[in-house]
Amino acid sequence: MNDTNQNNTVLRFMTCGSVDDGKSTLIGRLLYDTKTILTDTLSQIEKTSKKKGMSALDLSLITDGLQAEREQGITIDVAYRYFSTGTRKYIIADAPGHEQYTRNMVTAASTAQLAIILVDARKGMLTQTRRHSYLTKLVGIKHIIVAINKMDLVDYSEEEYKNICNEYKSFASAIKLEEPNVDIKFVPMSALNGDMIVDRGRSLSWYKGPTLLQILEKIDTTEKTNSSFLRFPVQFVCRPRDSSNEKLHDFRAFMGRVESGLMKINDKIKVLPSNHESSIKEIRIGDKIITEAHAEQSVTVSLNDEIDISRGDMLIHEDDTLEGSKSFTANVCWLSETNLTPNRTYLIMHTSRSSKARISSINNKININTLETEQAVELKTNDIANIKFKLAQPLVLDKYSQNRNTGSFIIVDETTFHTVGAGMIETIE
Amino acid sequence: MKGKLSHLDWLESEAIHIMREVAGQCANPVLLFSGGKDSLCLLRIAEKAFRPGRFPFPLMHIDTGHNYPEVINFRDNKTKELGERLIVASLEESMAKGTIVLKSADEPRNKYQSITLLEAIEENGFDCCIGGARRDEEKARAKERIMSFRDEFGQWDPKNQRPELWNLYNAKVHKGENIRAFPISNWTEMDVWQYIEKEKLELPSIYFAHKRDVVKRNGAIVPITEVTPAASDEEVENMMVRFRTVGDITCTAPVASNADSVEKIIIETASTLITERGETRLDDQVSEASMEQRKKEGYF
Ligand SMILES: Nc1nc2c(ncn2[C@@H]2O[C@H](COP(=O)(O)OP(=O)(O)O)[C@@H](O)[C@H]2O)c(=O)[nH]1
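Those protein sequence lines, which keep their order, are chains P and E.
If you read the first sequence in my numbering, its first letter stands for residue 1, the second for the next number, and so on.
If you read the second sequence in my numbering, its first letter stands for residue 1, the second for the next number, and so on.
Derived from the structure by calculation, the hints contain no laboratory data.
The reader is advised that the hints may include incorrect statements.
[Claimed, not checked] Once the Cα atoms are required to be at most 30 Å apart in a straight line, the calculated BS3-like pairs of lysine-lysine come out as: (1) E:200 to P:35; (2) P:399 to P:176; (3) P:51 to E:216; (4) E:198 to P:218; (5) E:4 to P:137; (6) E:111 to E:97; (7) P:399 to E:4.
[Unchecked claim] Calculated from the model, a selection of chain P residues having no Cβ within reach of chain E, i.e. all distances over 12 Å: (8) 181; (9) 205; (10) 281; (11) 376; (12) 401.
[Claimed, not checked] Going by beta-carbon spacing under 10 Å, a handful of chain E positions derived as facing chain P: (13) 17; (14) 142; (15) 158; (16) 160; (17) 164; (18) 166; (19) 169; (20) 172; (21) 177.
No residue lacks a Cβ here, since even glycine has one placed at the ideal position from N, Cα and C.
So that you can see chain E by itself, here it is in the shape it has in the complex (with noise of 0.2 Å):
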């Protein structure tokens, strides 16, 4: 037997080897594309499995409408240098539609993306949507399968979830019925950030270290934005931060931080005592269980 893998070149492969399958079984794959970390992850991995040929999928973005400016920028370079087609799915055409209805102007965004998502997904009749999440993030993901069934209705039953054994993996649907690809669910965060520097792949600016006005509220530190304004009783700091992960602007907060380069986050990630989500994604706390209801309800 040769050499034994590297976990980076093993992981790598695992995800390799799952797009493939889901282009040979799916009809019509999607991938997800935010321009986060994790999608970046995706698109490289997309490219070792399919070049030199094209994706054999579209990318698409759910757009909140509530997007720092640098990764909307960074999406639709990215997407132009690898020259594949993007679709953007944007909330604020659900809103139009009246098909989202938000309890108040400035309420966080997140939790209506599957609305979106799922109205995209029917109309462009995909069969498999492929995702970054990977099985770290939270609780509720420590069960996902690599391929996840979700019902016409865009739900995840956790109790009825197809089994799933070796590296078999079942993508069939019927119409309407939809697979959730998930290429990096074996990876930690301290894995994403290693590939990222093996690779070198290039990431919207504002992952690293930058200047930014804050505010401190209930303990976590808050962006000041047009969406996210300061309450007139609060003080606005300039504080070096950056972010971990990027998503809507009024549920996503940055972390203190100096490092400015892939290799000094490496090592802040070594030495963190707060997990990614717990830290930065203001809506998971809220419950302890909020990821598991979201997910039953079409989320990623």
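This is chain P alone, in the form it adopts within the complex (with noise of 0.2 Å):
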């Protein structure tokens, strides 16, 4: 449904799935069933099913991208999808689920809040089930949907669904994947008929949970992993150096964006890497002037004092202990076809500011299929590992585990400017 609330909220989630799932068709399906598909493209998709010879609509191809995967049948990278209901609005990051694709499942991953794993009944958990609900884990995602697809192809059995269940919780365990820190839901359902997605259909009877879209619609999107702590990294600095406007002519803003935590009018605040000390003096956004900013709101803040700040430092609040530091250990994923390279300069770009990075150890890999360590000297494509690194100059760091926005940066080749790696901060030295 096409809403005309403007209070709805933001909910961005990811689907993973194995080649073949019914990833597309379960997307497809969440936009058809909530009248997000429009008349135009939907007799695009006609046309296409029957060209390709199929008696139903075939929803896969509502998703489907560019011409180049559509030669190769398959899709290569992250797209983003949207639809709205009464409550909110959906953000869909939809990557591939191949084996050789775990850069483009982080990349997804990133920005969600929620994960959808989806589960083929007639195969239960498969490798990529297992490697998938790890890269969640990784990049910290805190809702789970375990969603049980082609429940049609094996008679709606209640069993077979419970058996999937339980397979998947004896597994979610022993990666340490539960509650309190991470919480998972189950449901079946048949992507294909549109069973329990956004109706119930008549098949699963004797499923009394709430459908995938109810699932949706109800989970709580505050991110109980930002910490509390005030985080604002300047991006920009406004000085309209205005000399016919008095108000306008010595005028000094600081532009951006609260990355955790709470801003008040009169807080006292240090600016982070130089430590100088003042106060909140106001707080806009544009003309609007607002009292306190918190979370996710980009503002134009001002000092009761003339200290010299620019873009990369971080405004904190005064009794914070948080320094800059120069070493640190993160997960990083290799995300570059070029392998890195130990012994080179990389640039870290991390919230507004950057520094140059040397790698001081490898100090293992992880087997994403095994899910266990191994020793490595070097890393290429889709390979993960924990990477100790020494910074040129000291960045304002939180664990990634505390701080997904402060505790996650990109790696930067010098050369070509392409962005080669992410990393989430495990500890700081």
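Make the complex out of the two chains shown on their own, each in a separate frame, by following the hints.
This is the structure:
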């Protein structure tokens, strides 16, 4: 439904599944049953379905993207889709599930609050299911829906469903993917027939729980991970230097987004890494003056003292003990086709600040299929490893487990300027 | 944790953050301004991002020369009101220089916009163009990055895009290369209309229902203007219509509508059954993959 409500909240989720588990059909179904697919798109899908010799509508065509993929018949990149209900706006990150696309999974997971993990009821849990679950844990997703699909092909059997649920639960507890850190829900469904996604359908009457969409509608999206400590990275400094306007002549303000915590007028703050102190004089969004700003708000802040602040500085509360640091370890997903070269210098981009970095050591690499760690000397595309870094300039870091916004960074190749790695901070020295 | 942001506040905040990243990372950015509703949202976001300062970039219009006069007037008044600098890069100049050669005088000009855009980028040394494209507009855009990399020839290579994670954006380029930044990537058409209502944004009058001479051609409503005359056997009707996008006259079609206010447009949009591009951009229907082709060639 294309709702006109102005006060929806946003929920970002990703979908994971192995090839042919029905991911595209599920997304197509969500969009179709919430009336997000419009007539002209639909008529195109009808045409293509017929061309392919199919009798029913192939809903998976809705999420079908680029020409290159169409030719290869596979999804190779993360695509974003949207739908909206009376209470929420949904942003779906649709990532392909092949083994060689760990990086796409990590990319999609980085902005997701929830993951739908698809399991084919006939096949039960596969290596891919384990891998995807592990990756959602690594990237800090707190809500998982295990969607057991193609129930129509196992005669909508409650027993089959329960077996898969149990198998998943024991795997989840083995990798410490459990309450209270992660909330896991299960739902049986048929994406093809539309059972238990938006509508309940008739074939799963033994299942008394909520439909997939009802689960999505009810999930509490307040980010539990992000600490309540104020983190305000300065993105841009505003100095109008307008000599014709007395008020603006000496005006200086600092622009950025509150990454976590709460900032109020008169709060005592300090600026990292310089450690200069002051207090908040005014907070505004455009020309609207507000008394406090909370996480995810982009605001303009002025201070009571004239201190030197530039892009890349971080405002935190005065009594916070956080400091800049030049050495840390992180779990890194290597994104580039070119291997990591351990003795090269890379650029790390973190909040609005960057620094040159060197690799002190590669501590270990995770075998994404066995979930065991192994020794590593190099890193290639899709590898995930624990790496120790040394920085040229101090960065103001948090652990990823405590703050997804200030605990994450990207690695940029200084020659090509490509984004070659994504990191999640584990320990800070 | 304090209250959750409503979706419009969240989208606005994300867009402000993206614009400030452009301003913080790029040496010489520009904001592409067409007078259309999406770029008007961008202007409001820029005000929220940078006032009381000036915008850290000029505005630029890629002018096909086939415009509705209402839109051009609106564009000029809006820039004056904001007190910002407007650059007009004109297709007709590229035609005079010989860099654009039309196959016939009445050929739709939308597809040539990329040539003039690339010339203007080179001439002004822009390293980033901020645009109002949205991922929900068309299939090929669903995978577009928020900061999208273009090579020296302005080309978009769908297989060679930089991964984009969290809200960390990499806008680094070498000389001659370019970033297209899309702050409202995550907005849908409905979000745009709701934002226009919430912010009480003014729009060019052609967005609202008005009487206009049109003919019906291949199922589309085609407006009759100097550059798009009716064929001798066509019957001209005077109909209540509104435009859902503004652009080159020869390839932008209106829809039949009585919605003469933002509120009514929202209601109509909520119940509408046809996507924006399918309905109103005559040129995108030609081939299923035509947008992807144009993006590869340097279109926004
Ligand atoms: N019987 C049945 N088939 C399904 C169901 N969901 C998807 N499929 C079929 O499984 C095949 C793969 O689905 P698709 O959505 O393309 O999978 P993806 O590779 O995960 O995106 C297609 O032929 C679908 O029609 C389901 O619930 N039941």
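Cross-check of the supplied hints:
| no. | hint | verdict |
| --- | --- | --- |
| 1 | E:200 to P:35 | holds, 28 Å |
| 2 | P:399 to P:176 | holds, 19 Å |
| 3 | P:51 to E:216 | holds, 29 Å |
| 4 | E:198 to P:218 | holds, 26 Å |
| 5 | E:4 to P:137 | holds, 24 Å |
| 6 | E:111 to E:97 | holds, 17 Å |
| 7 | P:399 to E:4 | holds, 23 Å |
| 8 | 181 | holds, 17 Å |
| 9 | 205 | holds, 33 Å |
| 10 | 281 | holds, 14 Å |
| 11 | 376 | holds, 21 Å |
| 12 | 401 | holds, 15 Å |
| 13 | 17 | holds, 5 Å |
| 14 | 142 | holds, 4 Å |
| 15 | 158 | holds, 5 Å |
| 16 | 160 | holds, 9 Å |
| 17 | 164 | holds, 7 Å |
| 18 | 166 | holds, 5 Å |
| 19 | 169 | holds, 8 Å |
| 20 | 172 | holds, 4 Å |
| 21 | 177 | holds, 8 Å |
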